[in-house]
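Asks: Keeping the supplied structure of chain Y fixed, place chain V with the ligands upon it in accordance with the hints.
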Amino acid sequence: MDQTTNALRGEGIALSFGGIKVLRGLDVEFRAGEITGLIGPNGAGKTSLFNCLTGAYLPQEGTISYAGDPLNGLPPAARANKGIVRSFQHVALCPDLTVRENVMMGIARNGSAGWLSAFLPLPGGTREREEMARSADEALADLGLPDVGDKLPGELPPGMQRLVEIARAVVGKPSVLMLDEPAAGLNNSETRDLTKVLRKLASTDLVMVVVEHDMDLVMSICDRIYVLNFGEFVAVGSPEEVRSNPDVVRIYLGSDDDE
Amino acid sequence: MSDQATHIIPGQSVVSRLSGMATSGLTTAVVVAVLIFMPLLLGGSWTFTLGLCFANSIGVLAVSLLVRYGGEVSIGHTFFTALGAYSVGVLDTRYGISLWASVPLALLLGVVFGLLFAWPSRNLHGIYLAVTTLALALAVPEMINNFDVLTGGYEGLYVATPFIPGIEMGLQRYYVALFMLVIVCLAVARLRLSRQGMALLLAKAHPAAADAFGTRRVWARVSIMGISGGIGAICGATLAFSGSTVSPGGFTFWQAIFLLVGSVVSFYGLSLTRVLIGGAFVTLVPQLLSASGAWIPVLYGLALLGMILLGHYMPRIRKAMNRKAEAN
Ligand SMILES: Nc1ncnc2c1ncn2[C@@H]1O[C@H](COP(=O)(O)OP(=O)(O)O)[C@@H](O)[C@H]1O
Ligand SMILES: [Mg+2]
Chain Y
1 MDQTTNALRG EGIALSFGGI KVLRGLDVEF RAGEITGLIG PNGAGKTSLF
51 NCLTGAYLPQ EGTISYAGDP LNGLPPAARA NKGIVRSFQH VALCPDLTVR
101 ENVMMGIARN GSAGWLSAFL PLPGGTRERE EMARSADEAL ADLGLPDVGD
151 KLPGELPPGM QRLVEIARAV VGKPSVLMLD EPAAGLNNSE TRDLTKVLRK
201 LASTDLVMVV VEHDMDLVMS ICDRIYVLNF GEFVAVGSPE EVRSNPDVVR
251 IYLGSDDDE
Chain V
1 MSDQATHIIP GQSVVSRLSG MATSGLTTAV VVAVLIFMPL LLGGSWTFTL
51 GLCFANSIGV LAVSLLVRYG GEVSIGHTFF TALGAYSVGV LDTRYGISLW
101 ASVPLALLLG VVFGLLFAWP SRNLHGIYLA VTTLALALAV PEMINNFDVL
151 TGGYEGLYVA TPFIPGIEMG LQRYYVALFM LVIVCLAVAR LRLSRQGMAL
201 LLAKAHPAAA DAFGTRRVWA RVSIMGISGG IGAICGATLA FSGSTVSPGG
251 FTFWQAIFLL VGSVVSFYGL SLTRVLIGGA FVTLVPQLLS ASGAWIPVLY
301 GLALLGMILL GHYMPRIRKA MNRKAEAN
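Residue numbers (this note's numbering), protein chains in the order written: chain Y, 1 to 259; chain V, 1 to 328.
Some clues are possibly wrong.
Computed spacing ranges between beta-carbons, pair by pair [stated by the list, open to error]:
1) V:V112 / Y:N72: 33 to 43 Å
2) Y:G68 / V:V218: 24 to 34 Å
3) Y:S16 / V:P286: 54 to 64 Å
Hints in this document: simulated from the structure, not taken from any laboratory. Remember, it's a predicted structure, so these values are computed and weren't measured experimentally. Even glycine gets a Cβ: it sits at the ideal position worked out from N, Cα and C.
For reference, chain Y alone in the conformation it holds in the complex (with noise of 0.2 Å):
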């Protein structure tokens, strides 16, 4: 199938908390089959588009679509349910949940034990929850982490944690990946981890978004960049293309006391 075809696309795309414009106006197309940066100081914008793409907030113009079906009005647990799913900057991890079962909640919506088997051991419910333990326990093996299903989020490091957050999201084998800031509190191995799992995740029909800071990591999995300033794209490109941009060069070596 064509690249283009399974695109997740915006256009003019704007959105504005109290009259500050956030972001002015954005058209993108990310595609299927290519790894897309998206990258850009503190405060730029990334997340709000992250959120404007999967309805947790409805930008007041634009329109946005996901192989050419409109995603306008629908609101984000109808969008995870057409697989379009997103990691938080900011771990948003049940601490009240395994490691394991919160990776589960990544594919939990597909369940289809009733209100019946969460009350009764039927063997459904059972042999629902095992499948799904099964699919967890692969994502978080596939992530580095195979041993940690049992333990709560809490007992684990913050780079762990990150990698959980990842999990839940590849769990339910996603058509559009959007991962914000996945490499941020990683050390070293652990991001080159992660680089060999993105790599690997990387298939014809999924579109996958990286928001990331780590320049390294962006640079070296991304087919196209997008690069975003104060609400506004300064550049979109191949990787030689942005790192050559002045503009993009301006904006990194200006900003880097609040990085």
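Replies: The following block gives chain V with the ligands in isolation, referenced to the frame of chain Y:
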């Protein structure tokens, strides 16, 4: 094979800790076994009182569940207990229908009214929701008195139809309550493992994350209210049968407060042993203090404070004792 087993019981210790089951399944089993033999050792009046403890424990559980899975506080659960109690009372005294039919009806009414309450209040949180539940509680005695053709008004109803004919009524009142408590606790423990239960917990901790993975906030709120209302009604149904009388005095605003207090002193625990502590507090403390006249409120307050301090310092005391034991 062994990792198959861990899927079925994923870290029982962690899950049981989280589901509020501070105690292991074994402890619970021992407690239940002891309770089964209690009537042989105790006199009739204590058996009766313990039955009420079990029934109130279910109400405490309903309130704690709302806190644990919904993050919300109710000071109006007598609305649901009254629904359940009058289901049993009315069906029994007016139509001679026993618990076989009245408990399912109570459950149904509790769930339905839980949902009906949840929908209009779905966007209220914290103190605003609590005050709204308070309105429910305040309305209850009035409503009972207004429907006196059915409810018997101030006089109340007397529940006398046995559940299992042929067995002495005093024992039935005890064992039915114990059975209900065990069943409800098992159902709640199961909920913790279900996809719905996990989704509720995630929605409570991180609504945005729950949203992003397909759990809508409104669904979460409406569901937990339905569940909590249903369990509240089971509490009322059990109270009616085990307490034998149903009258407005059992469903006052104060009773709603007591249920919340019971939930607090059991630290919102959901295990059988924990909710028993709350249920005993709700049942016994007012009784024990009823002899002390004007000092009741003060003593009640002191008892409450004592319980909370004990619960607060217990883990530390236990840790200190463990350390001492290790040192020796
Ligand atoms: N819910 C909100 N309410 C008000 N302002 C917001 C909200 N979310 C984001 N913003 C503002 O939008 C701007 C962009 O934030 P964000 O998207 O988080 O940037 P980035 O992810 O690129 O660091 C910031 O100035 C932030 O204060
Ligand atoms: Mg951000």
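Asks: Taking the hints in turn, state whether each one holds.
Replies: So, going through the hints one by one against the coordinates:
1. V:V112 and Y:N72 have their C-beta atoms about 35 Å apart, which keeps the hinted 33 to 43 Å range intact.
2. Restraint check, Y:G68 to V:V218: a C-beta distance of roughly 29 Å satisfies the suggested window 24 to 34 Å.
3. Hint check: Y:S16 to V:P286, Cβ distance near 57 Å, so the stated range 54 to 64 Å holds.
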